[in-house]
Amino acid sequence: MKRITELDGSIRFFSYSAVGGYEERRGPLGEKFDYCDDSDKFGQKTWELSEAEMGRISLNIALSKAKLSHEEIDILVAGDLQNQCVSSSLGLSGFGIPYIGVYGACSTCTESLMVLSSFMNSNKEIKYGAAITTSHNSAAERQFRTPIEYGGQRTPSAQWTATAAGSFILGREGNVAIKEYMPGKIIDGATSDGSNMGAAMSFSAADSILSYFAETSYPISHFDYIITGDLGKTGSNLLCDILKKEKPGIEKFHIDCGMLLYDFEKKDVHSGASGCGTSASVLSTHFLPLLESGELKRVLFLSTGALMSPSSLLQGENIYGIAPLIFLENINL
Amino acid sequence: MDISLKKELIKKYSPKSPVLKDVIFAFFVGGFICSLGEIIFYFFNSLLSVSEDTSSIAVTLILIFIAAVLTGFGIFDNIAKYAGAGTLVPVTGFSNAVVSEAMDSSSEGLILGVGAKIFNIAGPVILFGLCSGILYGIIYYISLFI
Amino acid sequence: MNDIISSVLLAFIGGGIICIPAQLLIDLTRLTPAKILVLYVCLGVLLYGTGIYDYIFELFGRGASVPLIGFGANIGKGVKEAVENEGFLGILSGGLTAASAGISLSLLLGLLFSVIFKTRQKRM
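Order-wise, the sequence lines are chains R, H and Y. When we follow my numbering, the leftmost residue of the first sequence carries the number 12, and every step to the right adds one. When we follow my numbering, the leftmost residue of the second sequence carries the number 126, and every step to the right adds one. When we follow my numbering, the leftmost residue of the third sequence carries the number 10, and every step to the right adds one.
So that you can see chain R by itself, here it is in the shape it has in the complex (with noise of 0.2 Å):
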């Protein structure tokens, strides 16, 4: 079976935005950013309600850059790292707009990319829809690790999840289409340890690497760049030493999210960023630009995600990864 869905190429992003936190403000891409709130808090009471609020100010950035009136969006694909997806839930229930949320831990970037457009690709009726994503550090460590004011040591494979949003438009017209989609497997990342995302799930992105180029005989080279979500630096290593055989050169090609969020000379950032709002700011704020302004032509962007919850961890189950796929060109160059 053919695992790839290519596109006619009219499903284009018209308007992005990305939204975040105090840190996300003073890294690398800082000035790039829609909006950054310096209390982190969004002017909510709690952190859950700060993600929420989070979503909800990218989507109206993302409209107000449109010039579009929320009620010409037939469609949300939104997901986010709390349970149920409430973030995404609380956040949007203001719109009024049908709504599905997703979750692929910090890969819902991309599934939601994919599922988007795969609506759109179905129902030519759609003119617009929008893909959110959004993670909250202080909101992932409450549920997955430990309270926020606890003292406890990182350890160096560590990552450290984003506080980030980024909203997504997509459109008829614009000039970066998304030509093509692929789902992730889900493949057995061999650890069971919290603080070593990054190398769960190297496996599958390398898998969903292998089996894309495979299935459509490019050479790498095709590519600008092939983007991974947040593997940061001890996955990124672990990719490129997993595809070293079969896609020599990879290396060269190859660029994380995870390591261009933060400011590693300046930061303790340990391992890179992580969390879902990795993967969508750093597209938002860094990669559509440079597509946009025809620096990229063409790229493939996989988010990876860590698929596991806390019950999960405490029972000793692995860490499964999963690294849906997405092929983004710039058509009018």
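Please keep in mind that the hints were generated in silico from the structure rather than gathered at the bench. Model, not experiment: these values are computed from the prediction. Among the hints, erroneous ones may be present.
[To be verified] Not close to chain Y: a few residues of chain R, all C-beta gaps over 12 Å, as computed: (1) Ile86; (2) Gly107; (3) Tyr161; (4) Lys190; (5) Ser203; (6) Lys278.
[As the list claims (entries may be wrong)] Label-pair ranges, simulated between beta-carbon atoms: (7) Y:Arg132 / H:Leu235: 27 to 35 Å; (8) H:Met126 / R:Asn186: 20 to 28 Å; (9) Y:Arg132 / H:Thr179: 47 to 55 Å.
Using N, Cα and C, we set each Cβ at its ideal position, and we do this for glycine too.
Since chain R is already given, all that's left is putting chains H and Y on it; use the hints.
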């Protein structure tokens, strides 16, 4: 790719903790907290002539209080980031676990939020401490008759 | 004056040494902090029961009693004294009695501070 190969790769690429640096930090911070305890003990026991037992309790309570306040102001976690076991193992670690859990869950209400989750980390410590105490008590009780 | 300086120094050394195995466990085995706390408390009861704790305490003073080993030893001591004074019932009452002041103050402060203070976003 088979699991054992994956595990090998993970082991190869996962960075190791800076053990020597961590141990030195833990030694000095842990040592500092204990010597602070000794000074408090000296103050009560020698200067105020309080009994040894009461002075010991005073040391524990004052250290618990200091750790709790540092947790409340959001300072404790920034110290613990470097100190590791140095702040964890002294009674300060217990206090931080209780207060941080309580603060963290206040948004979920006083009863099922703070009331239940305050024991998340402290609960096991109290449970297993008391139960091993009971086990010791039984052995000691029997030994009195032998 | 020399007495106090040497006892403070001994507390420093003893407390520091007791923290080292815990740090090694964190770094080398990825054991979670909660498990290490439990381990230390149980170890304290064991050390007290076997009589080893008395030697450590004699030497290091607060360097032995401030770490959670001291918390465990305190429980052991409470149980022992309660068994001697009250007999069988002491097995159950001794431990909690001995640990009551520390536990009560932590819980009280936890409740109080959960109302007064708000959590702050961690920084890198």
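Cβ separation check - R:Tyr161 to all of chain Y, threshold 12 Å: 8 Å, violated
Verdict on R:Lys278 as a residue remote from chain Y, using beta-carbon distances over 12 Å: 4 Å, violated
Pairwise beta carbon distance, Y:Arg132 to H:Thr179, judged against the given window 47 to 55 Å: Given range 47 to 55 Å: violated, Cβ gap about 40 Å.
Assertion that R:Gly107 lies outside the chain Y interface [Cβ separation over 12 Å]: Given a closest Cβ separation of 31 Å, the condition holds.
Consistency of beta-carbon spacing, R:Asn186 to H:Met126, with hint 20 to 28 Å: 38 Å, violated
Status of R:Ile86, Cβ more than 12 Å from any chain Y Cβ: Fine: 33 Å to the nearest Cβ keeps R:Ile86 off the interface.
Interface-negative label, R:Lys190 against chain Y, beta-carbon threshold 12 Å: The claim stands: R:Lys190 keeps its Cβ more than 12 Å from every Cβ of chain Y (closest is about 37 Å).
R:Ser203 non-interfacial with respect to chain Y [C-beta, more than 12 Å]: 10 Å, violated
Beta-carbon spacing of Y:Arg132 to H:Leu235 - inside the hinted bounds 27 to 35 Å or not: Roughly 29 Å apart at Cβ, these two residues keep to the hinted range, so it holds.
Violated hints, in rising order: 3, 5, 6, 8, 9; the structure is consistent with all others.
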